[in-house]
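Q: One letter stands for each residue in the lines below.
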Amino acid sequence: MDHQEQIVLLSEQNLSEEEKKKRQGLAQKNPYVAKKLSKITENEEKGIISPIIRIEKNYLCNFQCSHCSAEYYMDRHLEKVLKTEENRPQMTLDDIKNISKQADELGISRFVITGGEPLVMRDFDQVVEAIDPSKHYIISDTNGWFLDDKKAKHIKSIGVEKVQLSLDSIIEEEHDKFRNKPHSYKKVMRAVDAALNADLNLILSTVLIGGRAKTKEFEDMCKFSTDRGIGLYISYAKPVGSATDHPEFVITKEDADIVRELEKKYKIFTHMTPSYGSFKGCITVKGIITITSTNEVTPCPYIDFSLGNLRKTSLKEVLDRGMRNPWLGPHRPDCLIGEDPSFIKLHQEKTAGKSHLPVPWGEGFSDENKLF
Amino acid sequence: MSNNFFDANGRCVTNLTKHQVYQKSRNYFQLDKKKVLGYNNNKIFNNLKNYLCKNLNFNETEFEKKIINIKDKIKKDDKISNILKGFSIPFIIPKLENDDIGTNIEEIFIPALQSSFKNEFEQFELINHIKNSLKNQLDIWTGSKYEKITERLNKQNITGLLFPSLNEFSFPAAIETVSKLPENIMLAGGYEIMSALIGSPSILKRDDGYPPLLWFSSLKSVNDSNIGYHIEPYGYNLTLNRRAHIDSAAEYWWHSVVIIED
Numbered sequence: 030m031d032h033q034e035q036i037v038l039l040s041e042q043n044l045s046e047e048e049k050k051k052r053q054g055l056a057q058k059n060p061y062v063a064k065k066l067s068k069i070t071e072n073e074e075k076g077i078i079s080p081i082i083r084i085e086k087n088y089l090c091n092f093q094c095s096h097c098s099a100e101y102y103m104d105r106h107l108e109k110v111l112k113t114e115e116n117r118p119q120m121t122l123d124d125i126k127n128i129s130k131q132a133d134e135l136g137i138s139r140f141v142i143t144g145g146e147p148l149v150m151r152d153f154d155q156v157v158e159a160i161d162p163s164k165h166y167i168i169s170d171t172n173g174w175f176l177d178d179k180k181a182k183h184i185k186s187i188g189v190e191k192v193q194l195s196l197d198s199i200i201e202e203e204h205d206k207f208r209n210k211p212h213s214y215k216k217v218m219r220a221v222d223a224a225l226n227a228d229l230n231l232i233l234s235t236v237l238i239g240g241r242a243k244t245k246e247f248e249d250m251c252k253f254s255t256d257r258g259i260g261l262y263i264s265y266a267k268p269v270g271s272a273t274d275h276p277e278f279v280i281t282k283e284d285a286d287i288v289r290e291l292e293k294k295y296k297i298f299t300h301m302t303p304s305y306g307s308f309k310g311c312i313t314v315k316g317i318i319t320i321t322s323t324n325e326v327t328p329c330p331y332i333d334f335s336l337g338n339l340r341k342t343s344l345k346e347v348l349d350r351g352m353r354n355p356w357l358g359p360h361r362p363d364c365l366i367g368e369d370p371s372f373i374k375l376h377q378e379k380t381a382g383k384s385h386l387p388v389p390w391g392e393g394f395s396d397e398n399k400l401f
Numbered sequence: 005m006s007n008n009f010f011d012a013n014g015r016c017v018t019n020l021t022k023h024q025v026y027q028k029s030r031n032y033f034q035l036d037k038k039k040v041l042g043y044n045n046n047k048i049f050n051n052l053k054n055y056l057c058k059n060l061n062f063n064e065t066e067f068e069k070k071i072i073n074i075k076d077k078i079k080k081d082d083k084i085s086n087i088l089k090g091f092s093i094p095f096i097i098p099k100l101e102n103d104d105i106g107t108n109i110e111e112i113f114i115p116a117l118q119s120s121f122k123n124e125f126e127q128f129e130l131i132n133h134i135k136n137s138l139k140n141q142l143d144i145w146t147g148s149k150y151e152k153i154t155e156r157l158n159k160q161n162i163t164g165l166l167f168p169s170l171n172e173f174s175f176p177a178a179i180e181t182v183s184k185l186p187e188n189i190m191l192a193g194g195y196e197i198m199s200a201l202i203g204s205p206s207i208l209k210r211d212d213g214y215p216p217l218l219w220f221s222s223l224k225s226v227n228d229s230n231i232g233y234h235i236e237p238y239g240y241n242l243t244l245n246r247r248a249h250i251d252s253a254a255e256y257w258w259h260s261v262v263i264i265e266d
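First to last, the sequence lines map onto chains A and B. Heads up: the first sequence begins at 30 in the numbering used here, then just goes up one per residue. Heads up: the second sequence begins at 5 in the numbering used here, then just goes up one per residue.
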């Protein structure tokens with residue numbers, strides 16, 4: 030298939046005009062990646078999964094947020110709170126190159142660099158290079174603190190296509206308080222402009238805690254995002270990491286249903302919103318995996334049970350383990366770690382007292398798992 | 005030890021198949037009992053007459069009698085009587101002129117369910133996410149016994165009960181199990197699921213937890229044997245869709261059987 034045919038194929042898909050333009054631009058610039066992206070829906074129809082791979086090379090961060098799911102993985106937590114240290118082998122650039130190669134062979138096309146705060150990583154550029162922008166669509170999470178015009182143009186130039194920027198309230202004081210960082214709201218707003226000026230694709234992400242869906246502030250935020258033409262990713266708060274002691278953060282079915290109704294009106298989505306013809310429900314394994322700094326694969330950013338270590342087990346086998354696990358399985362409509370009380374309890378019991386997360390394969394998730 | 009094919013909750017036994025099935029259910033995904041019981045036969049009949057079966061040759065009293073007769077026969081059969089301990093949802097399928105299941109679902113059943121659901125929930129809707137036409141795209145799984153229903157529908161309408169009693173079975177497990185159940189128990193298809201929902205539009209609405217996805221269990225795609233069709237709620241709305249991995253079992257995936265009038 031030549032360039033032009035590829036562009037036509039992409040245009041034929043059931044995409045919004047805006048999305049078609051973005052994909053056509055990518056097809057001209059990087060036809061290999063565009064072709065892989067265009068096959069995701071077709072592959073899903075055949076039962077072939079194509080999860081986004083989140084890479085957590087390290088957990089350095091300039092923030093200390095109230096709801097951070099990665100806090101328990103951070104050196105500051107291990108050293109200051111648990112009085113221990115990270116002694117497991119750490120992810121190297123060669124590990125990332127190996128993951129990139131395996132992912133490409135499986136037709137997987139999307140990587141997210143996350144952390145911690147990716148933009149404080151000294152080897153951020155090398156990580157992008159190791160993932161390989163010629164083979165994969167690269168996204169970076171960020172809290173926006175360092176994303177000025179210069180930085181935005183730089184990361185675009187080295188192959189990052191999209192940024193996901195955290196904004197936890199449209200009210201400046203509330204965002205700064207939730208993020209425990211004065212002036213962070215202003216930095217997010219600066220980062221929005223910088224990303225758009227650098228022609229980066231941009232989505233905002235916000236954490237939905239119990240009851241927030243019904244507030245005026247939440248709908249105002251949905252409106253703000255929609256008015257700016259920016260997608261807003263709604264991330265359900267999960268009772269893990271810094272939020273372990275905040276059971277009130279867990280949303281109710283009503284909260285989820287309200288958000289699903291607001292999706293009709295605003296440019297917002299959750300991890301379970303159908304998109305581009307893909308109706309996965311809970312995206313664990315089917316739509317996302319996380320690889321921690323110790324090469325452990327977890328089925329979502331908030332579940333601290335490993336499906337295997339990529340230095341010992343192939344990516345394909347790890348994904349197969351996830352698909353045959355009864356908790357994760359082929360399909361469920363709810364958020365396993367954000368809504369299912371039995372799993373939340375099991376997760377809390379198995380992670381309690383563990384200094385080094387995630388819980389290894391065989392101790393949390395295993396092929397022997399039962400739902401009782 | 006009971007010889008009944010169904011357990012104390014109306015769920016079909018799991019030992020008739022070697023394919024994937026959850027041996028026990030933790031009942032996490034559930035229909036709302038109050039909502040299912042909230043529809044009496046009179047209300048169901050009127051919904052079906054208004055939106056799906058406009059030319060019925062019997063009235064609501066006769067409909068009620070048909071349903072009672074079906075239940076009475078089940079009660080007397082100690083091999084299947086436990087099925088009544090689970091959910092049972094009455095339905096009527098009108099006599100169909102066209103043999104093609106996809107055409108009938110697309111032209112008759114989807115518009116009827118959209119109207120019935122809209123009548124019950126003005127703000128919400130049935131959304132059809134299947135991109136291509138269903139015409140000439142659906143076939144019947146061998147072993148489902150569904151031919152008995154389609155053959156009879158050429159001649160007359162059918163009244164029956166839908167039992168979502170194969171919860172947490174895979175497609176192969178549901179088909180194999182039904183092939184070993186008594187002859188009068190057939191695997192449900194799109195007609196029965198949609199008719200049951202036209203009569204009782206809110207049964208997949210649940211406020212305090214998640215209801216299940218209902219498969220069109222006896223139907224397969226003519227082109228992709230790994231694809232099944234289903235209805236599931238999304239928020240306050242209903243959605244019609246298709247998906248893969250049907251050889252797997254999932255807690256959320258429910259198959260159903262039907263028993264129809266003689």
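To be clear, the hints were calculated from the coordinates, so they are not data collected in a lab. For each residue, glycine too, the CB sits at the ideal point set by N, CA and C. Keep in mind that the hints are not guaranteed to be accurate.
Cross-link-like lysine-lysine pairs, in silico, PhoX-like; alpha carbons within 25 Å at most [said to hold, decoys possible]: (1) A:K293 - B:K209; (2) B:K39 - A:K282; (3) B:K22 - A:K49; (4) A:K75 - B:K69; (5) B:K53 - B:K99; (6) A:K50 - B:K53; (7) B:K75 - A:K51; (8) A:K185 - A:K51; (9) B:K28 - A:K374; (10) B:K209 - A:K243; (11) B:K28 - A:K379; (12) B:K159 - B:K135; (13) A:K282 - B:K38; (14) A:K293 - B:K135.
So these bits of chain A aren't anywhere near chain B, every CB distance computed over 10 Å [unchecked claim]: (15) E47; (16) K68; (17) E73; (18) E74; (19) G76; (20) N91; (21) E114; (22) L135; (23) A159; (24) I232; (25) S271; (26) H275; (27) M352; (28) S371; (29) W390; (30) L400.
Q: State for each hint whether it applies.
A: Here is how each hint holds up against the structure:
no.: 1; hint: A:K293 - B:K209; verdict: holds, 18 Å
no.: 2; hint: B:K39 - A:K282; verdict: holds, 17 Å
no.: 3; hint: B:K22 - A:K49; verdict: violated, 46 Å
no.: 4; hint: A:K75 - B:K69; verdict: violated, 46 Å
no.: 5; hint: B:K53 - B:K99; verdict: holds, 13 Å
no.: 6; hint: A:K50 - B:K53; verdict: violated, 48 Å
no.: 7; hint: B:K75 - A:K51; verdict: violated, 58 Å
no.: 8; hint: A:K185 - A:K51; verdict: holds, 14 Å
no.: 9; hint: B:K28 - A:K374; verdict: holds, 20 Å
no.: 10; hint: B:K209 - A:K243; verdict: holds, 20 Å
no.: 11; hint: B:K28 - A:K379; verdict: holds, 23 Å
no.: 12; hint: B:K159 - B:K135; verdict: violated, 32 Å
no.: 13; hint: A:K282 - B:K38; verdict: holds, 18 Å
no.: 14; hint: A:K293 - B:K135; verdict: holds, 19 Å
no.: 15; hint: E47; verdict: holds, 20 Å
no.: 16; hint: K68; verdict: holds, 14 Å
no.: 17; hint: E73; verdict: violated, 7 Å
no.: 18; hint: E74; verdict: violated, 6 Å
no.: 19; hint: G76; verdict: violated, 4 Å
no.: 20; hint: N91; verdict: holds, 37 Å
no.: 21; hint: E114; verdict: holds, 40 Å
no.: 22; hint: L135; verdict: holds, 16 Å
no.: 23; hint: A159; verdict: holds, 32 Å
no.: 24; hint: I232; verdict: holds, 21 Å
no.: 25; hint: S271; verdict: holds, 27 Å
no.: 26; hint: H275; verdict: holds, 22 Å
no.: 27; hint: M352; verdict: violated, 8 Å
no.: 28; hint: S371; verdict: violated, 7 Å
no.: 29; hint: W390; verdict: holds, 20 Å
no.: 30; hint: L400; verdict: violated, 5 Å
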